Structures are given as C-alpha cells and as structure tokens.
Amino acid sequence: ERKKTSATSVPVDIRQTSRHFLHTQSSGHTMDTSDYNPTPHVIPEGENATPLEVVGGDCTDTEKLIIIMCGLPATGKTHIGNRIARYVSFFLDIQTKIFNVGDYRRELFGASLPAEFFDHSNKENMAKREQACNAALGDLVDYMKQDGVRVGILDSTNSSRTRRAHIRHVLQKDNKLKCKIIVLESVVDKEEVIEQNIRYIKRNAPDYEGRDDKEAMADFHKRREMYMNVYEPVDESDGSHIKIINNQ
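Counting from 623, one number per residue, gives the positions in the sequence shown under our numbering.
No lab work stands behind these hints, which were simulated from the structure alone.
Warning: the hint list may mix true and false statements.
[Claimed, not checked] Cut-off 16 Å, straight-line C-alpha distance, at most; resulting in silico cross-link-like pairs (EDC-like, lysine to aspartate or glutamate): (1) Lys802 to Asp725; (2) Lys767 to Glu685; (3) Lys798 to Asp834; (4) Lys865 to Asp811; (5) Lys750 to Asp725; (6) Lys719 to Asp764; (7) Lys719 to Asp769; (8) Lys844 to Asp741; (9) Lys795 to Asp769; (10) Lys844 to Glu738; (11) Lys800 to Glu685.
[Stated by the list, open to error] What follows is a list of derived Cβ distance ranges for each label pair: (12) Asp764 to Glu738: 31 to 39 Å; (13) Glu738 to Ser862: 18 to 26 Å; (14) Thr784 to Phe713: 34 to 42 Å; (15) Arg705 to Glu814: 19 to 27 Å; (16) Lys800 to Ala737: 23 to 31 Å; (17) Thr784 to Arg825: 29 to 37 Å; (18) Glu813 to Arg708: 23 to 31 Å.
If you're wondering where the values come from, they're calculated on a predicted model, not measured in any experiment.
Note that the Cβ used here is the ideal one computed from N, Cα and C, for glycine as well.
Could you put together the complete structure from these sequences and hints?
This is the structure in structure tokens:
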C-alpha cells in the first residue's frame, strides 16, 4: 500500500559553470559533454517487458502527471519545460506534451502586442489573457484524458495564487481526470541571468520578431515589471511544488 504524502516544497539551486563534464568513477575518465551521445530508452515488449513501474508508473489515471509552470518572465520556464518534456519523451518513452499559453495568446490576438497588454489593471486585456489561458487549459484537460498519455505541461507565468488555484480546481473537479499535479516555479534573483534570458527572448520570441533591439529590450523590461507588481511566489497553499533557483 502506498503511503500518503503531504504537499512538499523542494528548492533546487542550480549553479552551472560555463563548461560541464561527465565523470566516470570506475575509469577515472573525464568526458566533455560534446562527446556525450545519449540514446533513448527502449522498453522491451512481450513476456520480458520492463515493468511500467520502473519507467514512471502503471499508466492508471492516478499515475498521470500535470506540471504547472510558474514564474516571472525571463526566468527560463519554457526552457525548463522543454527540457523535462524532451527527457521524459526521449529517455523514458513516455508521451508528453507542452501547452504554452503564449502560443494561444499569439494565435488569438497576434504576436506584436505592447507591454501595456500585460497590465493587470486593464480589465479588457486581462479578460483576453484569461481566454488564452483557459484555451490552453482546456486542451491540456482533453489531452490528459487520452489513453497512453502520461505527462502534460502547462507553460505560463501563472503569477497569482488565484490563477493557480483556478487551474487546480479545473483539473480536480473533472471526475474523468485523476492526475497528480505539481507546481514548478522558476526563481531567478541574479541580474546577469535575467539579462541573459531577456536577450535570448528578444532574439528568439515571435513577439519581438523584426523589432529594433533597444525597443524590444525596453518593451520586455516593461512587461516584466507589469508582472512583478502582482507576482505572488509559490507557497504551501499551492500544494505540492518545486522551486528551481537560478537555472541557466
């Protein structure tokens, strides 16, 4: 019989250097990650099949997992979500999908939106943003009900406890959806990491495609300030959660 566990918080302080190494203790050989070529996990079939418990559960409803990303802009939420999805899909052969609320927002209202669109005091724009969030959440629910699906990731700032409570309520009220839920918050308190992330977003995000560099940087800083004014850090009221600190 499985033991019941209470809500937990697991802080993780990731301090990376500019160069990473893999070390094999048995041989004492140090290998640069550029030499490292991982291979996917292949699950044997038939009588010798690997027990599903070994690769993350028995695929019952309660062994499905929903990860709710959380964090201010430029804290690496999307990067972390993508890394999790790639690892789970590639190495564990577990069907996984990310639902990025920004993609839904761009599809509904366009990509070139000013920072003022993210002003939480603007009720009209807040309603539009909630529409995008709820569209992503609805697709996540439908996806997690499918047979064989194991992991779903909701990628958004989810900056308020009210919003996170709404997401959890929607997921828990559906009798056909009995997934485990965990909130994953990315926290960055190093200015150099934030600036590095903003420069990356400015170069790669569809929101700033074709825009002047200085204009894009200023706009994103203003957008981030809009969120900082209302952001509520994850705590015990959010249920089971993980905090990742200074990921880069």
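Going through the hints against the structure:
1. Distance check on the hinted pair: Lys802 and Asp725 sit about 25 Å apart at the alpha-carbon level, beyond 16 Å; violated.
2. Under the criterion of a C-alpha separation no larger than 16 Å, the hint pairing Lys767 with Glu685 is consistent with the structure, at around 12 Å.
3. Between the alpha carbons of Lys798 and Asp834 the distance comes to roughly 48 Å, so the proposed pair goes past 16 Å and is violated.
4. Among the hinted pairs, Lys865 with Asp811 is consistent with the structure: their alpha-carbon atoms are about 13 Å apart, no more than 16 Å.
5. For the hint pairing Lys750 with Asp725, the CA-to-CA distance comes to about 13 Å; that is within 16 Å, so the pair holds.
6. For the hint pairing Lys719 with Asp764, the CA-to-CA distance comes to about 12 Å; that is within 16 Å, so the pair holds.
7. For the suggested pair Lys719 and Asp769, the alpha carbons sit about 14 Å apart, so the restraint of at most 16 Å is met.
8. Between Lys844 and Asp741, the direct Cα distance comes to roughly 10 Å. Compliance with the 16 Å bound is thereby established for this hinted pair.
9. Taken as a hint, the Lys795 and Asp769 pair is broken in the structure, with Cα atoms around 20 Å apart against an allowance of 16 Å.
10. At roughly 8 Å between alpha-carbon atoms, Lys844 and Glu738 fall within 16 Å of each other, so this suggested pair holds.
11. Pair hint Lys800 plus Glu685 holds up; C-alpha atoms about 8 Å apart against a cutoff of 16 Å.
12. Between Asp764 and Glu738, the C-beta spacing of about 33 Å keeps the proposed range 31 to 39 Å intact.
13. Here the CB-CB span from Glu738 to Ser862 is close to 35 Å, at odds with the stated 18 to 26 Å.
14. Separation of Thr784 from Phe713 is about 36 Å and conforms to the stated range, judged on CB atoms against 34 to 42 Å.
15. Look at Arg705 against Glu814: about 21 Å separates their beta carbons, and that is inside 19 to 27 Å.
16. Take Lys800 and Ala737: their Cβ atoms lie about 40 Å apart, and the range 23 to 31 Å is violated.
17. Checked against the given bound of 29 to 37 Å, the beta carbons of Thr784 and Arg825, roughly 33 Å apart, stay inside it.
18. Restraint check, Glu813 to Arg708: a C-beta distance of roughly 28 Å satisfies the suggested window 23 to 31 Å.
Figure legend: structure checked against the earlier numbered hints; hints not met, in rising order: 1, 3, 9, 13 and 16.
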